[in-house]
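Here the protein sequences come in this chain order: Z and D.
According to this note's numbering, the residues represented by the first sequence are 1 to 622, in order.
According to this note's numbering, the residues represented by the second sequence are 623 to 828, in order.
Just so you know, the hints here were simulated from the structure itself, not pulled from any lab data.
Here a beta-carbon is modelled for each residue, glycine too, at the ideal position from N, C-alpha and C.
Any given hint might turn out to be false.
30 Å max Cα-Cα, derived DSBU-like pairs, lysine-lysine [to be verified]: (1) Z:Lys-120 - Z:Lys-149; (2) Z:Lys-331 - Z:Lys-363; (3) Z:Lys-463 - Z:Lys-492; (4) Z:Lys-198 - D:Lys-674; (5) Z:Lys-91 - Z:Lys-585; (6) Z:Lys-91 - Z:Lys-249; (7) D:Lys-674 - Z:Lys-249; (8) Z:Lys-463 - Z:Lys-331; (9) D:Lys-674 - Z:Lys-478; (10) Z:Lys-120 - Z:Lys-91; (11) Z:Lys-331 - D:Lys-674; (12) Z:Lys-91 - Z:Lys-452.
Computed footprint of chain Z on chain D, listed as stretches where at least three residues anywhere in the stretch have a Cβ under 8 Å from a Cβ of chain Z [what the hints assert, rightly or not]: (13) 678-687; (14) 695-704.
Cβ-Cβ distance ranges computed for the label pairs, FRET-style [as the list claims (entries may be wrong)]: (15) D:Gly-787 - Z:Asp-34: 49 to 57 Å; (16) D:Val-746 - Z:Ala-253: 53 to 61 Å; (17) Z:Leu-295 - D:Glu-822: 50 to 58 Å; (18) Z:Gly-199 - D:Pro-730: 26 to 34 Å; (19) D:Glu-662 - Z:Thr-488: 31 to 39 Å.
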Amino acid sequence: MGYIELNVLNTGPAQSALGIDLGTTNSLAAVWRDGRPQVLKVDGRSSLVPSVIYFPGDGQPIVGREAREQAIADPEHVLFSIKRFMGRGLKDVASELERLPYRASENERGLIQLEARGRKYSPEELSALILMKVHDVACQSLAGQDTKKCVITVPAYFDDTQRQSTRDAARIAGLEVLRIINEPTAASLAYGLDQRGKGNVVVYDLGGGTFDVTVLSIEEGVFQVRATAGDTHLGGDDFDQRLADLARKAIAAQHGTRVLEDPGFQQAVRLAAEQCKIALTGDPEAELHLSIPELRISWRQRVTREEFDALCADLHERTLTACRQALSDAKVRVSEIDEVVLVGGSTRMPGVRSRVESFFGRKPHTELNPDEVVALGAAVQAHILMGGRRDMLLLDVTPLSLGIETMGGAVSKIIDRNSTIPCEATEGFTTYADNQTGIDFHIVQGERELAKDCRSLGRFQLKGIPPMPAGLARVAVKFHIDADGVLTVSAKELGTGANAHIEIQPMHGLTDAEVEGMLSEGFRNAREDFEARRAADLATELGTMIQATEKHMNAARAGLDRESVRDLEDALTAARAALQSRDPKALQSSRDQFERATLPLAALLMNNVAQKALMGKSLGEV
Amino acid sequence: MSEQCPACGAQLPTPLACAACGALIDPPPGLSPWALLGLEPCWRVDAGELQKRLVRLSRLMHPDFFAAAPQAARDLAGRNSARLNDAYATLLDPARRTEWILTDRGAPSAQAERTMPQSFLMQVLEWNETLDSARETQGAARASALQNLLAELSPQREALLGRLGSLLEPLPAPGSPALLAARRELNALAYLDRALAQIESLRLSA
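Make a model of the complete structure from these sequences and hints.
Written out as structure tokens, the structure reads:
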């Protein structure tokens, strides 16, 4: 029996760590200072960073407000709503991609990549750029104090892959993640609801792209999550889209449907819809207004709050369905709820507020700025993790059941949803053939009966089982979900008692090597600069080579065999294409191809030079 | 129960950690959920008391309190918290804790003992028919069909738990005929719980 001794009383002075809300629309950092969590401010202004990235023609990507301002001017090079793509494959986000002006593709392992300026970026890399910006701003407002430690929030309903992606993004950004915590839980910490004694709390969190509802009970400083439910594809963006659809329909009727394809139009209609939605928060009636002189569009329509609510009725209903589910899982009745907390910018919509109020029969808390409350709560958790206080304890849950696909394609549950984390379960496996040394299994997350309807976390392979007759091997596979809600799988062979080392190959998410690669790639895009410089050098070199070769093509056709000539012609074509694309990899490979193809020509020319020299001609005439 | 801390010798509230010196302990696998929570094994549990224990013991080993500790301690805190949480969940759920007792005492497994009174199986078929027809209906008709079925099943479940309580309290010795009877009740509980879960999911999807 091993044990670990720790002097828990001597934790030393609390250093500060950042609480970061990495949002779909905006991101923000907060820190524990002067006995309370505070949003960081730069020159008195909130350090809210729009989660938007702009890729200019030259130089480094720009993140935040400046990037957002480019959305209409240069829509093809602005990326936003990146959080919706975290840990997702192409087919998961097909509906999003329809209405976002992105070029997206999938890598060989089914991970989505977004394209900007001819380079592919994983959502993790893009989120890392946002995190770096948030961190930069935070360091500025902390008077240059650089803290790499942070707590990052995610929607409670994020699955394992989405959480891993978030953790990887932070690693790429060079941050040390103390903990991933759930946004609604963070919000309940920010409200300091433990000060009110005991009670049941509902947190209704409608963000830019995700919806979460969490039921927790609070007693004596313990925040125990009872249940969480939600929809990672439901947020303020969807409400915008309802207004945008209204505008699209009307404008297509006037101008034809071709205009709908225009990237500038797409961004403009999105922004117009968002503005109208925001205006409807303050006013009972607002104008949905689009003016794009280049497309000769000038269109306006008045929209009332009632009309807007009617357009979004099914979206409201979806949030309430999730509320019913969470209450049912928590085994708590509506009448037993003591407090309701609203989180997320989208809860500013009066239609959302009134529905939540009538559903729960009480006025929800809205004292804290819904854009800041999550970051504030993350700062509280960061403070706890840095040893700042031991009176508070957060017991959160895993939002989705974890299961293994059975032979028939059904799911055998191994960890139930809403289990308190950390949690673990052990499952026995055996071999079905003699001398079988590997076992494959497929892990899924979700509540559906069939594996194909759940979220695949990937196929795992157990390797290194000692050869023995079928059914004799007894492999115990342990599934551990840690306090971040992230799964690790380990295995032991028990049959032989040999304690063989069973290797497990996870087949999803970024591999460690990929994260390392992105890390070394660099920090602050050093690689980007390096690549750009290298591309420029290669282009110059190729240009010279093309010129020289073209000059000698007649000599080549006269003096070389047909195959060598064809090689040269191919190399020329490839080189011209590479110069067009400016892609460093293409430049490099065509330069190499060129070098090989010109070898016979070089030999021929050398030969000619030698002969001509013998005939008394000068080198310059060759 | 009252094991001593290998680090300071104080009495342990749980085999997983010491309250006196804060040491995390890595006990061998296979300890009962009662032992992990520092309780005497007993079929009946007090949910309130269980909850208090979970919180009190979590304060000794939750990974949040070891964020600044060395990796080995962080890992152990995570593992021990997972064991504690699993023990809590097992005791809170009557089906899971009964299963633990029956397996521990060598009762026949659910697969080995499948005898079920004919009358009970007929009942199960009737519930399933009611559920199927509820699935076909909508609105008030569905709600009232589900309500009626719930009103029928809830008292049955209460009665079944009462019978399990009298069979397993005090805990019977291995080989006792009470274990076989309890296994049959537990099989019936699985049918009941499945039907109740279906009622709830139909109610929510209304």
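Here is how each hint holds up against the structure:
1. At roughly 29 Å between alpha-carbon atoms, Z:Lys-120 and Z:Lys-149 fall within 30 Å of each other, so this suggested pair holds.
2. Taking the CA atoms of Z:Lys-331 and Z:Lys-363, the gap is about 22 Å. The hint holds against a cut of 30 Å.
3. With a C-alpha separation of about 11 Å, the suggested pairing of Z:Lys-463 with Z:Lys-492 holds against the 30 Å cut-off.
4. Of the pairs offered as hints, the one joining Z:Lys-198 and D:Lys-674 holds, with about 13 Å between alpha carbons and a cut-off of 30 Å not exceeded.
5. About 28 Å separates the Cα atoms of Z:Lys-91 and Z:Lys-585, which keeps this hinted pair within 30 Å; it holds.
6. A threshold of 30 Å between alpha carbons decides the hint, and for Z:Lys-91 with Z:Lys-249 the separation of about 26 Å falls inside it, so the pair holds.
7. Of the supplied pair hints, the one linking D:Lys-674 and Z:Lys-249 is violated, its CA atoms being roughly 58 Å apart against a limit of 30 Å.
8. In summary, the hint linking Z:Lys-463 to Z:Lys-331 is not supported, as the alpha carbons are separated by about 42 Å, beyond the 30 Å threshold.
9. Between D:Lys-674 and Z:Lys-478 the alpha-carbon distance is near 28 Å, which keeps this suggested pair within the 30 Å criterion.
10. With a C-alpha separation of about 18 Å, the suggested pairing of Z:Lys-120 with Z:Lys-91 holds against the 30 Å cut-off.
11. For the hint linking Z:Lys-331 to D:Lys-674, the alpha-carbon distance of about 18 Å falls within 30 Å, and the restraint holds.
12. With a C-alpha separation of about 13 Å, the suggested pair Z:Lys-91 and Z:Lys-452 falls inside the 30 Å cut-off, and the hint holds.
13. Note: the segment 678-687 of chain D has 6 residues with beta-carbon separation from chain Z under 8 Å; the three-residue rule is met and the coverage holds.
14. A count of 6 residues in the segment 695-704 of chain D with a Cβ less than 8 Å from any Cβ of chain Z is obtained; the coverage claim is therefore met, three being the minimum.
15. Checked against the hint of 49 to 57 Å, the pair D:Gly-787 and Z:Asp-34 passes, with Cβ atoms roughly 55 Å apart.
16. Between D:Val-746 and Z:Ala-253 the Cβ separation comes to about 58 Å, which falls inside the hinted range of 53 to 61 Å.
17. Distance hint for Z:Leu-295 and D:Glu-822: a CB-CB separation of about 52 Å, consistent with the stated range 50 to 58 Å.
18. Here the CB-CB span from Z:Gly-199 to D:Pro-730 is close to 45 Å, at odds with the stated 26 to 34 Å.
19. Our hint of 31 to 39 Å for D:Glu-662 and Z:Thr-488 holds, since their Cβ atoms are close to 34 Å apart.
The structure is inconsistent with the numbered hints 7, 8, 18, although it conforms to all the rest.
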